[in-house]
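Student: Spelled out, the chains give:
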Amino acid sequence: MAVSPLVIGTGLFILLFPLANPVTLALPVTALVNGVMALPFALRALVPAAQEAEARFGPLADSLGMTGWHRMRRLTLPRLRRPLGFAAALAAALSMGDLGVIALFADPDAATLPLLLYRLMGSYRMDQAAGVALVLLGLSLLVFWVLDRGGRVDADV
Amino acid sequence: MLTFEGVVIVQGDFRLTADMTVPKGAQVAVMGPSGAGKSTLLAALVGFVAPVAGRMVWQGRDLTPLAPGARPISMIFQDNNLFPHLSVAQNVALGLNPSGRGGAGDALLVEGALARVGLAGFETRKPAILSGGQQSRAALARMLVQNRPLVLLDEPFAALGPAMRGDMVDLVAGLCAERGATLLMVTHDPVDAARLAGDLCVVAEGVVSAPMPALALLANPPEALRAYLG
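If you read the sequences in order, they're chains A and B.
When you line the first sequence up against our numbering, it's residues 315 to 471, in that order.
When you line the second sequence up against our numbering, it's residues 56 to 285, in that order.
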């Protein structure tokens, strides 16, 4: 994942610009690119947990005939709760600070917090920029905490 | 009747042959030195290991090509017999239906099975707060609702104390006798085999011997068994 989101965003912008208004596509494109960028970190947390679940409980699930969706719902997803919560938290925190795709696709009159921060700094309004940075940091921490916590509460080891 | 017809299992350098018959309703202890292939024999029967030759036939039906879940077998493992994220009742209900969902009739069956193994009132508990013996009992309750004619136990009580293990062997033997189920139990302890007082099958030197009456065999052990018993 050596390609920066800005490069991906620029590519998508060039591809999509003749076909549709970039502003209307801002949300899905931002979600898609951020999702892809977070994927290696998410997999890093999820794959070992999935392997461990299979090693410990795979034979039991096999002998009970648990396959497909039932296996997913009764074995894999419950065993992956913690890493899923952590991966979601990480992806959310990474997306909160996104300044790659959104810079190209955003509505000029409405901005995301990182974009607003960038614009404020660009016009040397540092006090306001600092305020925005504080709000962004607080929100990112909050989102991270809520999602990570969601995976831990009442999870059985 | 369970028949191993010229079954050969190969894993790297390891080679095990089984050519024997277990009568329906028999209660067989499987003994032998560590690494002799006791667990491998059960793994082949339940479908985790494919034999390179031969077939395993139960009541005239070839089990060899079937998936583990499709075989008429309940298996209890050495550990990890219960899903820790599910309640005791949910774990037992998985024996009725791989989705674990069922109607009121299923709930009654689960309750009945738990009462039968002495775990009445434990339905909503999670496995983590049960003792080792209670966890074994919960796995036996699942075996009861599965109601399959073959029951395989791979040293499931190894972590329990001697008195508790004796109780569990009695419970398993009683449950299988009630249902007419055929039992194969791997154990490393001759006390368990004697307590089961059924047949004994020795796995040693790459060969699975035919089951013989356990008490007679323990009283007068053949060479391979004598070497193991010491």
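Watch out, some of these pointers could steer you wrong.
[Unchecked claim] Computed, partial: chain A to chain B, Cβ under 8 Å: (1) Leu374; (2) Met386; (3) Arg388; (4) Thr390; (5) Arg393; (6) Pro397; (7) Leu398; (8) Asp421; (9) Leu456.
[What the hints assert, rightly or not] Computed far set for chain B versus chain A, every beta-carbon distance over 10 Å: (10) Val101; (11) Pro106; (12) Arg110; (13) Ala122; (14) Ser129; (15) Phe132; (16) Asn136; (17) Gly150; (18) Met219; (19) Ala228; (20) Asp244; (21) Val246; (22) Ala265; (23) Leu280; (24) Arg281.
To be clear, the hints were calculated from the coordinates, so they are not data collected in a lab.
Quick caveat: nothing in here was measured; it's all calculated off a predicted structure.
Where a beta carbon is used, it is the ideal one built from N, C-alpha and C, also for glycine.
Student: For every hint, state whether the structure bears it out.
Tutor: Going through the hints against the structure:
no., hint, verdict
1, Leu374, "6 Å, holds"
2, Met386, "11 Å, violated"
3, Arg388, "6 Å, holds"
4, Thr390, "11 Å, violated"
5, Arg393, "7 Å, holds"
6, Pro397, "14 Å, violated"
7, Leu398, "13 Å, violated"
8, Asp421, "44 Å, violated"
9, Leu456, "27 Å, violated"
10, Val101, "6 Å, violated"
11, Pro106, "17 Å, holds"
12, Arg110, "20 Å, holds"
13, Ala122, "7 Å, violated"
14, Ser129, "8 Å, violated"
15, Phe132, "7 Å, violated"
16, Asn136, "7 Å, violated"
17, Gly150, "7 Å, violated"
18, Met219, "22 Å, holds"
19, Ala228, "21 Å, holds"
20, Asp244, "23 Å, holds"
21, Val246, "27 Å, holds"
22, Ala265, "26 Å, holds"
23, Leu280, "29 Å, holds"
24, Arg281, "33 Å, holds"
Of the numbered hints stated above, those contradicted by the structure are hints 2, 4, 6, 7, 8, 9, 10, 13, 14, 15, 16 and 17, listed in ascending order.
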